[in-house]
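Colleague: Protein chains in written order, with the numbering used here: chain A, 5 to 442; chain B, 50 to 343.
Hints are computed from structural coordinates only; laboratory data are not their basis. Since the model is a prediction, treat every value here as computed from it, not as a measurement. Don't take each hint at face value.
No farther apart than 30 Å at their CA atoms in a straight line, the calculated lysine-lysine pairs in the DSS-like style are these [as the list claims (entries may be wrong)]:
#	chain 1	residue 1	chain 2	residue 2
1	B	K339	B	K234
2	A	K427	A	K415
3	A	K370	A	K388
4	B	K338	A	K416
5	A	K427	B	K307
6	B	K307	A	K104
7	A	K415	B	K307
8	A	K108	B	K307
9	A	K247	A	K185
10	A	K384	A	K360
11	A	K115	A	K441
12	A	K441	B	K307
13	A	K321	B	K338
14	A	K283	A	K169
15	A	K322	A	K161
16	B	K234	B	K338
17	A	K360	A	K120
18	A	K169	A	K157
19	B	K339	A	K438
20	A	K388	A	K360
21	A	K370	A	K419
22	A	K51	A	K370
23	A	K61	A	K322
24	A	K190	A	K415
25	A	K419	B	K234
26	A	K388	B	K307
27	A	K157	A	K369
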Amino acid sequence: MHRSLISAALASLLAIGVSSPAQAQTEIQWWHAMGGALGEWVNDLAKGFNASQTEYKVVPVYKGTYDESMTAAIAAFRAGNAPHILQVFEVGTATMMASKGAIKPVGEVLKEAGFKFDPSVYVPAVVGYYTAPNGQMLSLPFNSSTTVFHYNKDAFKAAGLDPDKPPQTWPEVALAAAKLKASGHKCPFTSSWISWTQLESFSAWHNTLFATQNNGFGGLGARLVFNSPLHQRHIENLANMSKQGLFVYKGRANAADATFPSGECAMMTGSAGLYSSIKRNAKFASGISTLPYYPDVQGAPQNTVIGGASLWVMAGKKPAEYKGVANFFTYISRPEVQAASHQRTGYLPITMAAYKLTDESGFYKKNPGTDVAVTQMIRKTTDKSRGIRLGNFVQIRTIVDEEMEQVWSGKKSPKDALDSAVKRGNEQLERFEKANKL
Amino acid sequence: MEKRVRFRSLWLPWLLLAPQLAIILVFFFWPAAQALLQSVQLQDAFGTSTEFVGLENFRRLFADELYLDSFRITAIFSILVAGCGISLALLLAVFADRVIRAAAVYKTLMVWPYAVAPAVAGVLWLFMFAPSIGMVSFWLRAAGFDWNHLLNGNDAMALIVMAAVWKQISYNFLFFLAGLQSIPKSLIEAAAIDGAGPWRRFWTIVFPLLSPTTFFLLVINIVYAFFETFAIVDAATQGGPGRATTILVYKVYYDGFKGMDLGSSAAQSVVLMVIVITLTVVQFRYVEKKVQYS
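The following block holds chain A by itself, in its conformation from the complex (with noise of 0.2 Å):
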């Protein structure tokens, strides 16, 4: 009894022996909002990085979906333990800009730890989301995808149309809609994300503006704009489209986005990001297409904007955990990392190298469609169209379900809601305005 006690006892001492040399290690904590395949890339970049170092550790933790893990984050900030990186996604942006106290910006933490920062090598579109006015890179770009159009291709054809043409411009998506409809389809065009793929990539890619001030790049005295004339029309005609049974709704948020792969909707408007599910789980051939226009807008098609998310720095660590943060950011920005990344996954490269890697291995030609994501993306930004940062979008956004609901249930008009909601959306940024002024 007592030997078994006392062997236990050196056993663990033993353990703790062993195990020193790891305390002495740095360690970082990640909190991110990756689950399922996702998880376990994250999971892999971490251990990737432990491995070619023994000065620092990366601990990944998943910390559920986007807002449970941004309000975990602070309320662990508030409690004076928030960890060293988070992801945030894209809506969240405007609010992390603002809370100058809790972040500290990404391209000084590479500066003080002797590295040098090089914004040309970066996506234009992708890094000048996260670049704050003074140019200082505020987060580092993680997961970035846009909004593409997914088309069923065996849908088309037993619809009699080209599998090889998906439709360009909002008049061609209607007349394929209808032809898929008289083909039996019940749900021949469904979108999610109505917000970011209907009114703020729809206002890029018609280079028309969604806020003013550059769509909130400019201040927080943005105001929303999204009722113009070239809105109203669109949801006009979507409200139309959904009268006659082309556009169905799915829901909000990525609701929808279970209903492509499924083979239930034969075309929708979405995040590129849902290729990897498609992949695996699609019994059907399809195909990737930039997302629709009207043909008449000049400018139009322009680029499309920013969704998924970015890794942001929290506050007041000490500076050999600000290094290691910053190894670890050089380490995932190398192209090879980021190549491997982005053909992974289906997220954007965010560095031009990795693309062009992605480019030469051949990747896209074995993949037609993936590309696609890509070129609308990298194309020279406008001011109009370089992507929405607002405060309290994550309010702005359900506001606009909300008022678009009324519309396909056709209880408003297209006209009212948009007033509505530019109305209502204001008032959320005239509040963030005043919370956050100075």
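Chain A is already provided as a structure; the job is to place chain B on it using the hints.
Modeller: Just chain B now, kept in the frame of chain A:
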């Protein structure tokens, strides 16, 4: 002989009360005080800047007609949840009280839903009624009823009421069953001998004797509908379509935990607190008079 216990020392009763008082202070009064404080503040998400704004948060709320409309939606929802929940549970309890064979199995099955988390209850019902894949919505469509809670506000309200009632029915059932079993059999037998049928026996003997239980459940169910149902709404409808199912407590949750607007969220929970306190006082002052405690 006097039954009451008398404490000779002054501190002993307080000492014995201390654990319970501590729990109430930490888990009820402290958060409530925090809510009161935050309701007069405007904060950024991380709490790095806090500004005292007086009653601005409340003024903003009551100037918003959509918020005022939430009161109407909440009233409909709470009445439906409490009404349906209590009457269905009473019906089931009366049946369970008469079951002779396999009564234990029946009763166990009735209690199960209580072990389900609200969010899971929401998801379960959402699956059954999902317009494209749900079993029940498939049957409804086959019966000629076009169910679509994504765009039809009444369908959405029905969905969350069903989920909320189902979740709470076990609780109501247990209390009714206990109440039924404590009614002396001799009373009912005497009435039967006097020639009263089952219907008459129920309304003149059983129901009045159950009134303390019913009253208690009314208070509990109203509080449940007001406070504990946000997870069901979040999982099933997210307050939509439009704002057809945005009940007050869901908006508290949404503004605080998704929108990070703590000031407004706190102000709303203070409003909710006032409503529930008022309702409970009203129930105790007026409804309780009709209760027979025998």
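Colleague: Of the numbered hints stated previously, which ones are contradicted by the structure, given in increasing order?
Modeller: Those not satisfied are hints 3, 4, 13, 15, 19, 21, 25.
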